[in-house]
Each structure stands twice: as structure tokens, then as C-alpha cells.
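Q: This is what each chain is made of:
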Amino acid sequence: MNGIHDVGGMDGFGPIQREDNEPVFHAPWEGRMRAIHTLVRRKCHIYNTDESRYYVERIDPVYYLSSTYYQNWLLRMETLLMERGVFSEGELQEKMDQLCPSFGYQPDLHRRVMPPTPSTQRKFVIETKTDAEPQSEPKFLPGTLVKTKKVSPLGHTRLPRYVRGKQGVIEKMNGHFILPDIRVHQGIDVYQPVYLVCFEAKELWGEDAYSKDKLYIELWEDYLDLGGVQNEQQ
Amino acid sequence: MSNSKGHHHHHKLPDSFEELRTMAIESILIEKGLISAEEVDELIHHFVSDIGPMNGAKVVARAWVDPEFKQRLLHDGKRAVAELGLEMASEELVVIENTSNIQNVVVCTLCSCYPWTLLGLPPTWYKSTAYRSRVVVDPRSVLREFGLELDDTVEIRVWDSNADTRYLVLPERPRATEHMNEDELASIVTRDAMIGVSKVEIPS
Chain A
-8 MNGIHDVGGM DGFGPIQRED NEPVFHAPWE GRMRAIHTLV RRKCHIYNTD ESRYYVERID
52 PVYYLSSTYY QNWLLRMETL LMERGVFSEG ELQEKMDQLC PSFGYQPDLH RRVMPPTPST
112 QRKFVIETKT DAEPQSEPKF LPGTLVKTKK VSPLGHTRLP RYVRGKQGVI EKMNGHFILP
172 DIRVHQGIDV YQPVYLVCFE AKELWGEDAY SKDKLYIELW EDYLDLGGVQ NEQQ
Chain B
480 MSNSKGHHHH HKLPDSFEEL RTMAIESILI EKGLISAEEV DELIHHFVSD IGPMNGAKVV
540 ARAWVDPEFK QRLLHDGKRA VAELGLEMAS EELVVIENTS NIQNVVVCTL CSCYPWTLLG
600 LPPTWYKSTA YRSRVVVDPR SVLREFGLEL DDTVEIRVWD SNADTRYLVL PERPRATEHM
660 NEDELASIVT RDAMIGVSKV EIPS
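Quick mapping for you: the protein sequence lines, in order, are chains A and B. Read in this note's numbering, the first sequence has 217 at position 226, and its numbers run on one by one without any break. Read in this note's numbering, the second sequence has 555 at position 76, and its numbers run on one by one without any break.
Bear in mind the hints are in silico, worked out from the structure with no lab data behind them. Treat the hints with caution; some may be incorrect.
Claimed, not checked - Each computed EDC-like pair below joins lysine to aspartate or glutamate, with the alpha-carbon atoms no more than 20 Å apart:
1. Lys140/A / Glu74/A
2. Lys114/A / Asp11/A
3. Lys678/B / Asp11/A
4. Lys511/B / Glu74/A
5. Lys678/B / Glu10/A
6. Lys34/A / Glu74/A
7. Lys549/B / Glu571/B
8. Lys193/A / Asp631/B
Looking at chain B on its own, in the form it has when it is part of the complex (with noise of 0.2 Å):
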């Protein structure tokens, strides 16, 4: 991190209650030798720029152009994304595939679990109340929220992550990609996507 140079001695006036809080505790933790500041430093660097939508859309890239991949990747998850160096915490990790008749969607409804190493911390609307009590009881109003008309025929899948798997949604590849290397295929593999709030679309 670029503010690793004994930033929480800078006597900067604190911002917030919270960011005052959060730096009295920081420094208690340091008196008594239980963290350092390096190690909180390293820690941000990693949720900030290891971890994010990047790793899943390789993973999901892969799965388009590779059907051997994709298939270990539904049969095992975590050993899959292993092989393109992506390795996950403790978790369990399921791929789940949508097709032109099933939409998986995720949710966590009792906190925020999340497939970190995949799509980074989650965003802010994936935490909120509002996501998490909805999307369960009326998930078609919801992906209407973020664009997503479906049809009657659709099923939708809801998965309420609560224990130790996290899950992983594999979009539909967009039709008139086959030009696309996996490189670009990657690029285009939102994270709502692998939420499965909303499909892959070529950019126009």
C-alpha cells in the first residue's frame, strides 16, 4: 500500500466517529503486539486489488471456449479454478450454469457471503436489506430492477448461500462471440452477471 509509511501517526483530523474508532483500536492492537500496521496494509491490498470480478470472468471465459474445463468446473468447483491459479479460502465452490431456460441468481439472506476470490467483496446492494429480503420472496421483480425481463418460461433458481459453499454463477455465452479469443470473452463477463442479476451482452 502507498500509505504504509506510518500513516496512523500523520495526526490528520479523523473524518468520522468510526474512522477515529477504527484508528484507537488499530493502535491499541499494535501497543499490544496482536497485528501490525504492514499486516493491515497487505490485507487492503489484497481486498483491494488480488481479489475482484477479473478472476471470475477468467474462470467463466475458460468454461466458454474449454468443455473439458467446464465440465470439471460444474463436477468441482474449487479444484477447477485451481488450475487457472485461483485459489479459494475455506469455502466450498459451486458453478452453476444458466441456460436459456433456468436463471440462477444468489443471494445471502442472513449476512453477505460472497465467492470473494472470484468477484472481489461484495458490492454494497448485495449487502442491503433491500436485495437480501427480496430477491428470495419476488425474484423476477428484482431482475427487472437490474434489466432483466424473463420470460414465463424461465425457471429461476435462487441459491441463499448460509453455510460454507459459495456459488458461482456461469452465464450464457452471448451469441456472435465466436470470433471472441478467451481474453475478450473475459472482458466482457460482468460480476452482476455472475451474481445472476443480469446476462453477458456484447458491447455495442
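This is chain A alone, in the form it adopts within the complex (with noise of 0.2 Å):
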């Protein structure tokens, strides 16, 4: 999806803030819930990776830019948790009333998870071969001229926005990986080839770029077309 979590390029946030010394954790409910969430991921099976991906991806804009980046894991996991009927809001409630009486707070309006919207025309995800054979061979040789697709899936992918329509290189073939898409949508695993791809910053960004400068990024074999002028022109 075209979320806000897909930032590379974006201008407007201003420079880098760091901080000395800074503690593992800032307080200690952000070490606990990431306890959790990684609990609830790797010895549960309530959830996995990319899934837990998507539920941040559809956070409200105005909350994820707002918040820091544990708010957003929190509101995640407990969306998720209560999605999969592990508890509901009124549970939760409940037990935070009897951990603590006197609390109470006012609920953010925009500390929510979207749901996924709705379209007459866009794809939930990339055209794929879900056929495809487990170890399949790759179609693409280190070298390769290859295409991103011109895509605006409105669910998970791993293709960010700066990338998609541009002309890259074949470095070299990672591994077969399971398709984040797919495990999302359709809950299969598809094993894909996934590519090192190098791309010029000036393919990505213009003019403005040194000539020098590259980008490298991992991508599936189904985020990638053949590239180069002869294929332009079929």
C-alpha cells in the first residue's frame, strides 16, 4: 500500500535528531511489550512478521507521524491480538480499570488502525504466480537489466514507492524467500527468488544525484519485469 510507513524520499521531517547514550529501552513498558509482541510472534504463532508489518502500515497517518515508534508497536499488537479474539477492547479495559481505578484517560481519536480500503480498481496485491514451482529457477541472470513494476497494490509489499517504474541491475540472486504479499493476503508461502538490485541515484532521483552514488534493495522476482529499450518498445 501507498502508506505512510513508505518514506524514502519524502521531504519535510526535518533533521536527524540523536540522543547520547541513549538507554536500550526509554521506559520500561517499551522493553515489556516488545517482550511480548516477540513472544506472541515466535512462540504463539498468533501472528507473524509481515502481517504485524501491515497492522502498522494502516495506522492512522496523524498517529504514526505523531507518535513515537513503540506507541505505534503497542497499538499494533493490541489490534492484532484483539483481531485473532485473544481478547477484546471491553477485556482489556476491564482489566486496565482493575490494575489501576483511578487512571483514566481520554482516547486519542486518531489512535486506530485503518481498515483496508476499498477500491473498484486497484489489486490488493502484485500479479504473482502462486503456481510457481518451490526452488524455481530464476529468471534473471547477475547483469540483467530488470524493471520495477509501476504498481499501487493497496496491500503489504516490500516494493517501496522510490523504487517502483525504475530501470536497475542484477547484482546477484540472494535465495528463494517467501513472497511477503502473498503470506499477507492469501496466508501461503510462496518461495520467490529475490534479487540484489542496483540501482543509479540519478534513476531514482534525477538530475540533482551524483553520478557515482547507488542504491541497492532486495527485491522479488515478481516486483521485477525485464528492462532495457527492447522491451520499452514491444
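Hints in hand, dock the two standalone chains.
A: What follows is the structure, given as C-alpha cells:
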């Protein structure tokens, strides 16, 4: 999805704020919440990493940008646990009242994970071959000119906007990995070749970029088409 | 963890909505038998004490003093760090070498992917929209903010870790460190140098 998380190349976030001698966690709840999240994922298998990412991506953008990293994590974790039927909002509030009757809080209207937006024209996932052999022969060899698909799927994808519709070169094939898009939206594990692809900075950002600079990113096979002039003219 | 003595039963007033919410979630999940407070404590201990930049620094120092290890490290990162007793979680590890002409820098524009085993959990700036948005489009200005001025002749390679591979930058060994042993070298390697936003300097 073209979500708020996909910030590569955006302007306006200001200088990078650094903290000297930063602690691993800024408050004890951050560590506990992170550990709980890891346990429900790794030990209880209530959700997987790709699914949990899709919940962060759908956090109301106003909340996403105005909250800390772990505030966003907490929101996605509780939403996932509720949607998976582990507990309800009512149960959670009852428990909060029990633990601290005097607390009371004003709910933040933007503190929510938005449901997927319906569309009459857009697809949820990039067109993909779900019937491929588990260890299919890679389609592209190192040195091949490829072009990323120009797509706007509504669902989860690991193809960031700033590399879509751009031409790059296959550096190497890194192995077969589960395609996250299909895993989240169809619940099946499709293993596909993943390539390390190199883009010239000028191809991504235009003439201002330094001619030597490059960007490397890993892309699943179905994110890519053959590139080059010949292919353009077909 | 020192607070494993039933800390969640102490009815201290929570400092924030998030703290109370987390306490309530933990409590419900324990009641349902899904997790235990001890497991949570153990994982926190792991995040705070077992993992951290000291692990990556060991790897870098070894690569600086042992050329054969360095070759193995650049060839198959995961297997090479296992020689030092460092086990990557499920991810693959690729180690990328900086030279006087090439500066590698790592980011995760979509979330916060990072080589935890070797560097610990990422600092807040690495996870910030400011860093994630800008380092891909304007790496030289970002590096300048970190105090790293690069010549126009240097090629910058930005690595956006969006998939199952994690990246560790192997910084250049500073000049005049021939007298230093492996442990001393490890002590000067910084987290930021292994992300690629700074160089390793000899402390003056």
C-alpha cells in the first residue's frame, strides 16, 4: 500500500535527532511490550512478521507520525490480538480498571488501525504466480537490466514507492524467500527468487543526484520485469 | 532481570497510558497461559544485555587483524560470525566493506530492519522518519549531519534492507593502529561506523 510508513525520498521531516548514550528502552513498558510482541509472534504463532507489519502500515497517519516507535508497536500489537480473538477492547479496559481504577484517560481519536480501503479498480497484491515451483529457476541472471513494476497495490508489499517503475541491474540472486504480499493476503507461503538490485541514484532521483551514487535493495521476482529499450518497444 | 520478583503485582501507579495498557495486556496473556512473566523478563534481558554493538565490534576487529577471516566474512557473513559464537536469528547477513572510494550506508525505509545480533536494537534516529526518508535521496547531507564530509570522488552506496538480509558495514581500519591488538581495536569500533554514517577514529 502507499502507506505512511513508505517514506523513502520524502521531504519535511527535519534534521535527524540523535540522543547521546541512548538507553535500549526509554521506559520499562517499552521493553515489556516488545518482549510480549516477540513471544506472541515467535512462540504462540498468533501472527507473523509480515502480518504485523501490515498493521503498522495501516495506522492512522496522523497518529503514526505523532507517536513514538513503541507507541505505534503497542497499537499494532493490541489490534492484532483483538482481531485474532485473544481478547476484546472491553476485556482490556476492564483489566486496566482493575489494575489502576483511578487512571482514566481520554482516548485519542487518531489512535486506530484503519481497515483496508476498498477499491473498484486497484488490486490488493501485485500479480504473481502462486503456482510456481518451490525452488523455481531464477528468471534473471546477474547483469540483467530489469525494471520494477509500476504498481499501487492496496495490500502489504516490500516494494517501496521510490523504486517503482525504475530501471536497475541484477547484482545477484540471494536465494528463495517467502513473498510477503501473498503471505499476508492469501495466507500461503510462496517461495520466490529474491534479487539484489542496484539502481543509479540519478535513475531514482533525477539529475541532481551524484552520478556515482547507487542504491541497493532486494526485490522479489514478481516485483520485476525485464528492462531495456527493446522491452520498452514491445 | 532484577525485577523478576513479581514486579507486575506491585500496584505502583502507571506513568502513562501505554504502561497501563501494556500491564493489562501482559496480565491477560499470562492468565490465558500464553506467556509467562519470566519469559518476558528473559527476553528483555536478552535485548538489553546479550546483544549490542560490542558484538559487531568484535567481528570488525577480527576482520581487521585476520585477512582470511575477512574473506570468509565478506563471502558468507552468517557463517563467519558463527565462528565467533554469534548466531544470527533467521536472517541472512551480508557484510559490506568500506574503502577510501566507497562509503556504504544502511537504512530500512519501510520499517526498522537492522542486524540486532551484531548491533543490538536500533537507536531511535535509525527508526525515525527523518533518517529513513532522507538518506536514500540525499545521503551526502545526512552524512554531513553525522560529521562525515565526503569527497565528490567517493561513491556512496545506500542499502535499503527491506527483505530477509541484514547488512553490516565493515569500516576502514584507521591509520596508525598497527600497534593495537584485537581487543583494543574492537573498543574503537562504533555502532554508527557499522551502520555507515561515520568512520572509525582513534580517540585522541
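Q: Given the hint that Lys678/B pairs with Glu10/A, does the C-alpha gap stay at or below 20 Å?
A: holds (18 Å)
Q: Given the hint that Lys549/B pairs with Glu571/B, test it: the Cα-Cα distance must not exceed 20 Å.
A: holds (17 Å)
Q: Checking one constraint from the list: CA of Lys511/B to CA of Glu74/A, max 20 Å. Satisfied?
A: holds (16 Å)
Q: Taking only the CA atoms, is the gap from Lys193/A to Asp631/B under or equal to 20 Å?
A: With Cα atoms ~15 Å apart, Lys193/A and Asp631/B stay inside 20 Å; holds.
Q: Given the hint that Lys140/A pairs with Glu74/A, test it: the Cα-Cα distance must not exceed 20 Å.
A: violated (32 Å)
Q: Is Lys678/B within 20 Å of Asp11/A, Cα to Cα?
A: holds (17 Å)
Q: Take the C-alpha atoms of Lys34/A and Glu74/A, compute the straight-line distance between them, and say whether it is at most 20 Å.
A: holds (18 Å)
Q: Within a Cα-Cα threshold of 20 Å, do Lys114/A and Asp11/A meet the stated pairing?
A: Given pair Lys114/A, Asp11/A is violated - Cα atoms ~45 Å apart, limit 20 Å.
Of the numbered hints given earlier, the model fails hints 1 and 2; all others are met.
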